[in-house]
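In order, the protein sequence lines correspond to chains A and B.
Each residue of the first sequence is one higher than the one before, starting from 1 at the first, in full-length UniProt numbering.
Each residue of the second sequence is one higher than the one before, starting from 1 at the first, in full-length UniProt numbering.
FYI, nobody ran anything at the bench for these hints, they're computed from the structure.
This structure is a prediction, so every number in the text was calculated from the model and none was measured.
Take every hint as true, because none was put in to throw you off.
Computed spacing ranges between beta-carbons, pair by pair:
(1) B:Ala173 <-> A:Leu80: 48 to 58 Å
(2) B:Leu68 <-> A:Phe220: 20 to 30 Å
(3) A:Gly167 <-> B:Gly240: 31 to 41 Å
(4) A:Met152 <-> B:Gly18: 30 to 40 Å
(5) A:Met166 <-> B:Phe23: 36 to 46 Å
(6) A:Leu189 <-> B:Pro69: 44 to 54 Å
(7) A:Lys70 <-> B:Ala252: 57 to 67 Å
(8) A:Val30 <-> B:His30: 56 to 66 Å
(9) B:Asp26 <-> A:Leu133: 40 to 50 Å
(10) B:Gly18 <-> A:Lys70: 50 to 60 Å
(11) A:Val73 <-> B:Ala14: 45 to 55 Å
(12) B:Arg112 <-> A:His12: 32 to 42 Å
(13) A:Val73 <-> B:Arg176: 41 to 51 Å
Beyond 12 Å from chain B on every Cβ pair, some chain A residues (computed):
(14) Lys25
(15) Gly49
(16) Met72
(17) Ser102
(18) Gly111
(19) Ser175
(20) Arg176
Only part of the chain B face toward chain A is listed, based on derived beta-carbon distances under 7 Å:
(21) Asn53
(22) Gln76
(23) Val84
(24) Asp91
(25) Phe94
(26) Phe104
(27) His138
All C-beta atoms in this analysis are idealised placements derived from N, C-alpha and C, irrespective of residue type, glycine included.
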Amino acid sequence: MGAGHGHRLHYHGHSRLHRAPAHLKLVALVGFMLVVVATPRELYPVFGGYALLLVAVIASTGVPFGYIGKRMVVEVPFVLFAVLMPFVATGPRTEVLGLSLSEPGLLAAWGLLAKATIGVAASLTLAATTEPLDLLRGLQRLRVPDLIVQIMAFMVRYLDVVTAEMGRMLTGMRSRGCDPRSPRHWPLLARSVGALFIRSYERGERVHLAMLSRGYDGTFRL
Amino acid sequence: MSTPVLDVRGLAYAYPDGHQALFGVDLHVHEGERVALLGPNGAGKTTLVLHLNGILTAGAGSVSVSGLPVQKSHLQEIRRRVGVVFQDPDDQLFMPTVRQDVAFGPANHGVRGAELDRRVLDALDRVGMADFVDRPPHHLSFGQRRRVAVATVLAMEPEILVLDEPSSNLDPASRRELADIMRSLDVTVLMVTHDLPYALELCPRSVVLHDGVVAADGATLEMLTDAELMRANRLELPFGFDPAAAAAARDAAIGSLSD
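When you get a sec, could you build the whole thing from the sequences and use the hints?
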C-alpha cells in the first residue's frame, strides 16, 4: 500500500507523445479506433498499415515493446472467443490441418482479432504515456459529464486500495496452506471475489459518510 | 457556565435492524477541552460520533453544537462546526491530490479562491504536511495519511474536532508526532479511543461509554487508577503501564516546556 509511484500502466518518459495534451491524445485514440473499426476486414494490407503506424508511434515514445506486450494479456478473453468462432459459425466450410472450419467464422475471427489487438495496443499506448490524473483532466476538458469523470476519479483512487485488499486475502489463503492456482480453487476464488465486492461496497459507504461529514451535498465544487 | 460546544442529552438510538446501540447518553464538552471517549469494542462509540454531525438521527434525546440543535434544516452548518476524522484515512482521502482533498470540505461550505488556498495550506502546515500538497494521497505513508485526514477537517475551521481511534495502526513515532500535533492545535477535541495511555497523555478528562450509556465521567488519571471501575467497563491498561508515573512524566514535560 502506498508503494510504487505512478500507475502500473504508466511508463515514465518525456517523449513528444508523453508531453502532448491529454485531451488531444484522447480524441486521436477515439478517432483512430473509429477508423479501424469501420475498415472492412477484407482489406488485409490496410490493417498492416495500421499496425505499422502503431509500432512507429510506440517506438517514438521510448516505451519498451515488452512493456506493452505484457499488458496485452487483457485481450485473452477476446482471443478465446475469436478462436471459437471458426468452429461454431455456419456457412461454407474449409479444411485446415484436417479440421473442418467455417469460412465466414474464420473471417469474423480475423476481423475481431485484428481490430481488438490494434485497439488494445493503442489504448495501452495512451495509458503508458499519460498519467491517470491528466487523463481525467483531459476528459473534463472534452466536456465529459462531471459525474462520469468523478466516478472514474474514484476508480483510479481506490484501484490500488482494492487490489491491496485482494492481495492480503490471497496472502491469508496461502498462509493457511491453500495456494489458489488450479481450477480446483476457482470456487474459493469466486467466494473471495464476492467478499471483496462486499468489502468494497462497505468502503464506498464509509467514504460517502466521510464526504457527507465534510458538507458534500451531491455536487463537486472544485 | 458558557454554552457547551457539545451538548448531548438523553441520546438513544437503535439501528434499523432493531439492534439498540445507545440508551440515553449525556455528554457535555466545553470550549478548549480535550476529552477522551473511552469504551470497549461495541460500546457504541462510533454510533455516538455519527450522531454528533447528523449522519445518524437521534431516536430520542438531542444533540446541539454551540447551542445549535442537530436537525435536518441546518446540517451543513453542523457539519462545518463538527469535524470528524474517521478511523481509516483511506475512507477519508478520496480526491486525486492532497490539495483537492483538503479543499473539499471548505469548498462545500462556499469558500473559494485565495481564501480556499490559504485554508488548505494553513491546515496542512498545522499537521506538518505542507510539502505534500500536490501528491496523491495513496502515495503517502499511513501516518502521513492520518495527518492529512486531520488537515481535511481542520480546513473547515471546526469548533470541535472529533477523532475516531486516532492512534490505531500508527507506529510509535507517527503516534508521537500526531500527539504533538494535537497538543499544538488550539481547538476543542473529543477523542474516541481504547488506547488508554494515549488518552492519559492528551486528555485531562475522560468519559467512559459502556453498553450504550455513560458509565463514568471524570479526570483521566483517577479513572485509570480506579481498578474497580476499569474492570467493570472492560478497560485494561497495557502490560507494565503505570498511569501515575506516566502522568507525572507528562506533567514534568509540560512544566519544562513552560519554563
